[in-house]
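Peer 1: Listed in order, the protein sequences are those of chains A and B. Going by our numbering, the first sequence runs without a break in its numbering and finishes at 72. Going by our numbering, the second sequence runs without a break in its numbering and finishes at 355.
Rather than coming from a laboratory, the hints here were simulated on the basis of the structure. Watch out, some of these pointers could steer you wrong.
[Unchecked claim] Not everything, but these chain B residues come out facing chain A in the computed CB check (under 7 Å):
1) N3
2) E79
3) L141
4) S146
5) R149
6) S150
7) Y151
8) R211
9) I224
10) G282
[To be verified] Derived DSS-like pairs: lysine-lysine, alpha-carbon spacing no greater than 25 Å straight-line:
11) A/K22 to B/K7
12) B/K5 to A/K22
13) B/K209 to B/K7
14) A/K28 to B/K143
15) B/K209 to B/K5
Glycine included, C-beta positions come from ideal geometry on N, C-alpha and C.
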Amino acid sequence: MGESIVVDARGLSCPQPVIETKKAIASKPEALSVLVDNVAAKENVTRYANTMGYDVTITQEEDGYTLCLKRR
Amino acid sequence: MENNKEKIRLAVAGVLIGLCAFGLVCFGNPPNMGFCIACFVRDIAGSLGLHSAAVVQYLRPEILGLVLGSFIISVLSGEFRSRGGSSPFTRLVLGFFVMVGALAFLGCPFRMILRLAGGDLNALVALCGFTAGIGGGVILLNKGFSLGRSYRQPAAEGLTFPAVQIVLLVVLVAFPTLLVFSETGPGSKHAAIALSLAAGLIVGAMAQKTRLCMAGGIRDTFLIGDWTLITGTAALFVTVLIANIISGKFNLGFEGQPVAHTDHVFNFLGMALCGLGSVMLGGCPLRQLVLAGEGNTDSAVTVIGMLLGAAAAHNLGFAGVAGKGVPTAGRVAVIFGLVFCVLLGLLKIRKAKEA
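Bound conformation, chain B alone:
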């Protein structure tokens, strides 16, 4: 069956991506943070001077690699297409709030799975929230929610985002003094540039090929009872879980987890916001990077929204604080984000039968 072949492909990709994520932690990335789109975009925001939280500033090559891996594969397979124009500004704002939600919890959906595989039960609470958010998004989709169509754009438009990644890579390697780097904290913990970049390229390429999406798996299960996409996430989880247990990194519990806190209500609500926003955008933060690499400029704009969300989260004190919880400003921001998403969702329900 075609369907089973796809499941096997996704499972293999999930295992390989899991090994990359685990490997990055072994080679220097922070614990349970082999990959985290939210954390890494946040670190990049810091490195570019968009926020001044001294412990989370590094130009993570994983992100550049993810975009470029997807770009290279999509060019080779002829899938690269410059397109955009589906409510770009709305997407920017949604990207902003997806980031605010993820940084309240301290992780994107990808890191949520990695934290869970490390025994961090706070991620289980977050997964419940994430699932609830996706459920809300599915209701909106079923009622006809849409951000409208995208259209073909000139090739240069779609090439710009991948080109920016190359420029950032050149700056990181050749002109690092232009950037800001953490000396302590999570931002100071990282694998060597070449390793991080290679892992990013591999994961980006595989995610492009398989359409792996942390939100999409749960969404498709709800929406059409299709378990194909979730196979990838499940394989990723099991792989990292086994690797953590074998290497003695597995530590079950709520307390004392690395780069985490036990504010259950806002772990739940933060990831609910992230899940809802992701479904409205058509994909989780990882998927947005991959789509941006394929020439989707709406996703590129979304990533910039995420970058701004990360900068705001640290400049204005929205972000969750490891070992403490979500500050009041962050709680307000998360609730504001949820209200924004719901109102937007109700507003943008497409008139039925628009032929």
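Next up, chain A with everything else stripped away, as it sits in the complex:
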């Protein structure tokens, strides 16, 4: 069990949040969280995570969203 992976994609232009997520997923972690600050990034990362076999739980934060990705 490694320490928890956090991808901070807040403020990055499209599609960098997805690319950062893609890089983090490459090592096939059990779980990771991705921080985003806009709805488009939230949707894009969720869609990508779903196609890569991860379930996504979304929590709304004060300045964006935290997406918790868990491998199915």
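Once you've looked at the hints, dock chain B against the given chain A.
Peer 2: Just chain B now, kept in the frame of chain A:
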């Protein structure tokens, strides 16, 4: 599946946007130019007196509508957020060159699709260039290219760009004598203000909701094998294609196409520059307008870069000339732009593992 729902939403938006674009041509816009962000921003530059090409001057209400449509929807949905600070000056210069590339070809990616749907095969050459440019952008992104993060800004900062659109609309309706209007050429061809504005509002609203992006569709297909965004572009193309065929406007070929030329090399390179720049900016010209409406001031600055690019293109003779081709100055500008983008791309590759 959530994914399929999104595809259906994008397809529906693509059909409606296609109908708006086709409708605008029926009601007076130039052929294959229901929408063209590059051409319309160029016309606005002319109307504001930033260039003096007499045939391309009109304050296109479509552009104002696009921004305001996105603004209204994003406020209603709570998505409006004032943010900025991700390399604004670099974005301005990229916006400039995206415009130089698009005006060499004579159309933004949106009009490229409309031209293709009208049977203009020069747009197919341009699409190949555009795709190549996007491919280059994807390579840079994969290597870690980034213009850095944007941050929250005071609300007034994000509201200013939509407010400017309202001011321009008031000037157009109430004080048109302040503006310059073409009497001949593409700038003189336009639908009624109310129709153009309404179409802009509808398309802006739908593009905001669906994140439709002409560059994004191709980019996501390359990058992550995701066909969702490209569904919108495909639906737009098919809709306008069918409408053109039914109404007898479809005319397949390279020669004699409206507001177009057959300089294949620079149609290819112009749109390669446009595609590369768009990916580096995070979205095509249409998407930049929509983001600017959502409070993204980096995109607002990009649009100003596009406006300056359009002014320069006509003042300095970079723009493609319909029926002729791309002048030498334009060829130099396109190549210069490509070199600039590649160098910038290599410079701005983010250090790996910046936690």
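Peer 1: Which of the stated hints cannot be reconciled with the structure, identified by number in ascending sequence?
Peer 2: No numbers; nothing is violated.
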